[in-house]
Every structure is written in structure tokens, then in C-alpha cells.
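For the record, the sequence lines run as chains A and B.
With my numbering applied, the first sequence corresponds to residues 1391 to 1872, in that order.
With my numbering applied, the second sequence corresponds to residues 5 to 317, in that order.
Source of the hints: derived by calculation from the structure; they are not laboratory data.
A couple of the hints might just be wrong.
[To be verified] Covered stretches of chain B (in silico footprint by chain A; criterion: 3 or more residues with CB under 8 Å from a CB of chain A, positions within the stretch not fixed):
id	segment
1	37-47
2	54-65
3	182-196
4	199-210
5	225-239
6	247-259
Even glycine gets a Cβ: it sits at the ideal position worked out from N, Cα and C.
Here is what each chain is made of, one letter per residue.
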Amino acid sequence: MPTTHKSSNPVPNKERIKMPRQHMPEQLPQIRNKQFTEVNLGYSAELARQEALRCLECAKPTCTKDCPVGVKVKDFVQLIVDGDFLAAAAKIREDNVLPAITGRVCPQEDHCEGACLLCKRGESLGIGYLERFVADYEQQHFDPSTIVKAPPTGKKVAIVGSGPSGLTAAGDLIQKGHQVHVFEALHEIGGVLVYGIPEFRLPKKIIREQVDIMRAMGVVFETDVVVGRTVTVDELMNEEGYDAVFIGTGAGLPQFMGIPGEHLNGVYSANEFLTRINLMHAYEFPKYDEPMVDFRGKNVAVIGGGNTALDAIRSSLRLGAGNAFILYRRSEAEMPARLEEVKHAKEEGVQFQTLAAPLEFLDDGKGWLTGARCQKMELGEPDSSGRRRPIPIEGSEYVVPLSVAIMAIGTTANPIIRTTTPGLATTKKGYIQADDTTQKTSRKGVFAGGDIVTGGATVILAMGAGRRAASAMHDYLTTGNW
Amino acid sequence: MSHPHVTINPAFYGDSVFKIIHAEFIAPGIKRFVIEAPRIARKQRPGQFVIVRVNETGERIPLTIERSDPDKGTVNIVVQSIGKTTHLLNSLQTGDAILDIVGPLGKPSEIENFGTVVVMGGGVGTAMAYPSAAALKRAGNRVITILGGRNKDLVILENEMREVSDTVFITTDDGSYGDKGLVTDKLRQLIDNGTRIDEVLAVGPIPMMRAVADMTRKERIHTVVSLNPIMIDGTGMCGGCRVQVEGKSEFACVDGPEFDAHRVDFAILVQRNAMYRDAEKRSLENFQRDCQLEKQKASAPAEAETTCAVEGK
Chain A
1391 MPTTHKSSNP VPNKERIKMP RQHMPEQLPQ IRNKQFTEVN LGYSAELARQ EALRCLECAK
1451 PTCTKDCPVG VKVKDFVQLI VDGDFLAAAA KIREDNVLPA ITGRVCPQED HCEGACLLCK
1511 RGESLGIGYL ERFVADYEQQ HFDPSTIVKA PPTGKKVAIV GSGPSGLTAA GDLIQKGHQV
1571 HVFEALHEIG GVLVYGIPEF RLPKKIIREQ VDIMRAMGVV FETDVVVGRT VTVDELMNEE
1631 GYDAVFIGTG AGLPQFMGIP GEHLNGVYSA NEFLTRINLM HAYEFPKYDE PMVDFRGKNV
1691 AVIGGGNTAL DAIRSSLRLG AGNAFILYRR SEAEMPARLE EVKHAKEEGV QFQTLAAPLE
1751 FLDDGKGWLT GARCQKMELG EPDSSGRRRP IPIEGSEYVV PLSVAIMAIG TTANPIIRTT
1811 TPGLATTKKG YIQADDTTQK TSRKGVFAGG DIVTGGATVI LAMGAGRRAA SAMHDYLTTG
1871 NW
Chain B
5 MSHPHVTINP AFYGDSVFKI IHAEFIAPGI KRFVIEAPRI ARKQRPGQFV IVRVNETGER
65 IPLTIERSDP DKGTVNIVVQ SIGKTTHLLN SLQTGDAILD IVGPLGKPSE IENFGTVVVM
125 GGGVGTAMAY PSAAALKRAG NRVITILGGR NKDLVILENE MREVSDTVFI TTDDGSYGDK
185 GLVTDKLRQL IDNGTRIDEV LAVGPIPMMR AVADMTRKER IHTVVSLNPI MIDGTGMCGG
245 CRVQVEGKSE FACVDGPEFD AHRVDFAILV QRNAMYRDAE KRSLENFQRD CQLEKQKASA
305 PAEAETTCAV EGK
């Protein structure tokens, strides 16, 4: 097979296909479902090298093509084979400033691993696991003096929101020599990575370390600033001297179904539930002040089938839920969640009630949830999302006794920036309109990306948008051409 | 706007700290803090609020902005000791700092010249009503203010309110100051006297706002209340602060905090605000016990340690 550079991989290609994928060491399900520590324990250097040897080193790597940020997978995997883990990390960092995070939460099966040629013969290369390995290795051996930065351009950039798109844009722009100031509404940096994704999947320590690397590179972070309220986009540009602004404010207002009983005590949005757990440490009450209703021994259901739904139900188990249900209106095949999360959830004891949806929430007469009246579904023709549409089955209603119900059915656009930034074009649904390739908005100097443009999506897609924006912002800042 | 350029600590690494320039009790259990928060001071409009997190292990709670001084870069918040966090806050003094303050949040009050406006403040709610009363006065309204409290000590900001009102009435539950009775009794009187009222703004405890809403609904007087549900992020992200407004869920942090009183389901608000009552009680008891222990420790160290050990600490 022709390759562009010399590989030190001694294993012939024919043999590589036969090598089994190295399993990710993980905590035992019956232990991990009672605590919030990370489920996956990470590859050792030996496991990583073993796994790296499986790479077929394709001439035209489909993995890179299918990566929203274009990580040079083949190159970094070869560097793992060579044993030069820091060089492997640096190689990833050329395209992805948050490798320890994507290595943990990216739906690799939809991108690099789904495109891997090994898939056709068995299991794909463990690209996510390898990425995580080199990122963690880099963290342990990080040397700030190795940071390469372009000479200062004298341009100032404001990044609104410190989630995946904002952090990516910030990381790229600081490397190109611009001054970067990130504004965050909450008290911690990381956006959805901090308030949305639980500790057992993405430890806060990892985010802090990645953010610290960015600080070392010169990015300035300011918490407790709600852009639109605390300061407007126009004020940032006209009064505080920012030459360009990137808006990455993320997921918006949580959606509810509009069925009776959603106001009952015990009914949460996934955003609120996860924020209490992740950002506010409610699982450590009373050491931390933020409270949570008592889950111990209770029946808990999460409505939805995405990663957020699975994060919420697995967190519920860890709070001591007696029975933890996923209520999803389609079948498991249509679930948008990562495969690994579904697998982990089942191992931990989550019960999947698919093809079912609640019609109303029932109460005890004192305002507390006691159950949900549900209806069974069957699948019809595909809808606009390409997934088969759920159709209610007449006469199939049943009641599930519940103490807690968590709605994880998506979000709508947050209105704060839209209503405080004149001239910023938005879609009918209130999302910011941005160009697909440059992330430019209708306002000169203002770029946007991530969930506030696309609606709820994934970490890696938001990072892709941040990356495209950074590149276009750099062009704009250096040429002045809009 | 001619405000000086906002200066920000250049060593800002996300670990913000907001300095308390001045703190004083203005009534028993009610403290006013003047806090250095230049960004918030510059942007605050009547009707808006802040969210505060006191320390690393703290919860986030919404609090009233009484006023702000954009030139000095300070905001005033008024805090009543109710649960653990407010007790902890009110133990802070001039020179201390608060870890996080974010705002101003919520939609500003809709200020226009309605004609005659009755502004009603119950207890610490008066602090929220005050900037709106001032703005309503500036907009040309005749402002009739009714302030209430359980007793004389708990009627706050009377002088400030007098400065921005044409008339001020006071009611106390026990009759220790002003008229004995409730703020709604005074409103009833005004209505019965034939006073023309074009608009009512009521901020205070939920039972008070609900009673005002019931009264003015019958009289067809447009009434605005400022709601204070449980809240976490304050930017619309979590949905914890949802209130039922004419059968629909609205979020107090982005759609409010002010709502048309006649469309609000107060029963659901009461029910949702009681969601964490047990935990709140436990937090407060722990806090008060810890305070007690600290005091004991200060006077008799050996004895205090024994007490701690008994309680399994």
C-alpha cells in the first residue's frame, strides 16, 4: 500500500486486519453505577501501541475526511507506533485543541471510526481511545515552553461562551497570534462540558487541565458575564475594542412536551438536573449547598434517547434510583446517543422502554409527581430527520409509577443575544444565521457557531464550527475583507 | 452613554471576586451590600436581578438589585436571612468578597407614563420595587406607594421610596407603624375611595402578590408582579425557574421576572418553591450548628472538639 511517509509499523497489513481491537479498561458496572468517578480508565502505553499497530495507514484516510475538525489520524497513530506520544499529541493539536475531551465524548462511530476501513472486516481502529491516551499523556508531561505561537497581530477577539465551539475558536486564534478574551455566563469555564456532561464520562479535572493549557497559551477567561445582558456585542466591539466576535452560546432553552403535569415537583429538564449534578455538585449535598430531590430507591424515568438522556439516567442511578428507565418514542436503532453510552447504560442497569411516550404526568394531589400515563408507539415512514416516525398505538396506554421524570427532548434557541444585537439575522426558530464555511453572520466582524447556529448537536460538530470560524476570523482580521 | 470605560482586572483568570465596599443591616435580618461590580452597575435597569454564589461550595440564588452607581461601579443588593445561603451572605462584612455575581438578568421593567401607578412593596420585595418606582416617577407617573411589613422594623427603604413617590402609605401586620393591616387593605381603600389607578406593580411575598392580583383582576387594573422562583443559571438554560403563565410554561429568568399578575398561576409557584424545603432546612440547621460550634471553639476549644466528635464530624 503506498504511503506518503515511512511507517515504522512492523506488522504486515494482512496481519493487522486480524488483530483484535484492544478493549478500553473500565470500572465494573456494579461498582461504577454507584459513584461519579470516570467509567473508562484509559489505555496504558502498551495497549495504545498494540491498538495503534492495527492502523492500515490508508493512502487516502477516510477517518480524517470524516472528522469535523480534520484530525490527521494516520499521522498521530504512526507517532504512537513510534512511541513518540508527545509528538502524537502535537499532531492532534494542529487540528483539535481539546483532544482529551473529544477522546472521551466524541461519537467516533459517526465520524472517524465509522469511516475506518477496518470496520468492513471487523472492528474499527480505536481512534477515540488512542486520542484520549495521547491527550492524557501530554497532560501529564505538558511543558508550556513547547507552545508555538505566531507573532502578535495586535488584533483583539472576543469569544462569547466557553463551550466546545468557543474553546476551539479561542485555541486556534491564540495560536495565530491574536489576543483572545473568552466570556462565560456561568462561574466555571467549559459550557456544556461542565454543566452538561457528567463526571463519570468527562471529569472536570480534564476540562480544567485543557483550559489551563489555553491559559498558558495566553487566552484570557472572564466568568460571570452574560453577553447581551452584562455587556452587549456592540459594546464589546465599539467600546471595548474587540475587532471580531465569535458567538458560541450553545444550547438554548430546554423544551418540554406541553403535556399535563410538567410543572409538578419531581419533573426536571435534563439541563436543570444535569446542571445541579455537574456544575453545582448536588450529589455532594450537604457539603455543597445545591439540593436535589431524594432519588434513593425511587423510580426515575428520562424521556428522550440522546446522549443527554443517557447522561441523565446514568446519573440518576448514581444518586441511588431503584429503577431507572429510558422512555424513548422510537426504537433503539433510532437513538441518537453514542453506542458506547447505550452499552454502558445497559451494563449499569438502565431499563430501556422504547417505542413509548408519556401523555401526562400524574400527581399525589400535593403537587408531587407519582407517575406517567404513557402510550406505546410503532414505527411508520421516515420523517424529515430520516428516522422512522413513531405512530401512537390506540388503546395501548399504561401507567408507570415515577417519583422523578427528566425531560431530555431537546432545546430551543436562547433569545438573549438575538434580542440584544440589532441587525443579527436569525432563522425562523431563532437560531443565528451563519455561513456554512466561514461561520460569518449578517453583522460585520461577528461570527457564530455551535448549537446557537445549528440547534442541539454534538461537541465535535460545535468544535468544527469553532475551527472554521477561527480560520475565517483570521482572514478577516489580517486582510480586513468581509 | 458617558460612563467611563469598564476596567477589568487584567489578571482575570475566571476566578472572579466581587468586593463588598460596604455592608450594613437596614432592618433585623435584612442587610444592604454595596458591591464592586462595574459591568453590572453600568447595565442595570429597573426590574432586573443578579445571581450570586457566595463561595466554592455555594448554591446560586437570585437576588434583588436595589440600585446601582455606574460611575462608582457599584451595585446594591438587599438580602434577607431566610436559608443557609442568605444567612451566610449576611454574615459577610465590609471588606469581604463574594465569589460570583452575574447580571443584570431578566427583562427590565416596562416603564412608561401610565398615569397613576400604585407601587406595592412587601418586606424585602420593596428593594426590587424601588428602582421601578423611581423610573415610573421619572417617566411622569403619579406614584402612590404602599409599603408593608410584619412590624415597623421590617418596613424598609421608606425614605428612599418617599423621594420617588407622590404619596406613601405604610401598613404593618401588628400595627406598630402606619395602618394595622395588609398592603391589600390599603389598596382596597384606594379603590373604594374612587382613586383612579392605571397600573399596579406589586413585589413581595407570594401570598401578598397573589392577593393583589385577585383584587385588581376584579377591578380590571393591569398589574405586574416580580416573581422569584428557584433558579440556577439565570440565562434560560436550565428551565428550573419555569412558571405557569396562562397554562404555558415561561422562564422567569428570560421571559420575566415581571409578569402580568392576572395570568400567573400562583399555586404552582408556591408548590415549586417548596420543592427543596427539607434540604433547605437541613442546610440551615447544619450552618447554624457550625456557627455555634465555631463560637464555642473560640471560647473553649477542648469542649468544642468533644461536641464535634459526638456529632460524628
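Report task. Kindly indicate which numbered hints from before are broken by the structure, ordering the numbers from low to high. Result -> Violated hints (numbers, rising): 3 and 4; every other hint is consistent with the structure.
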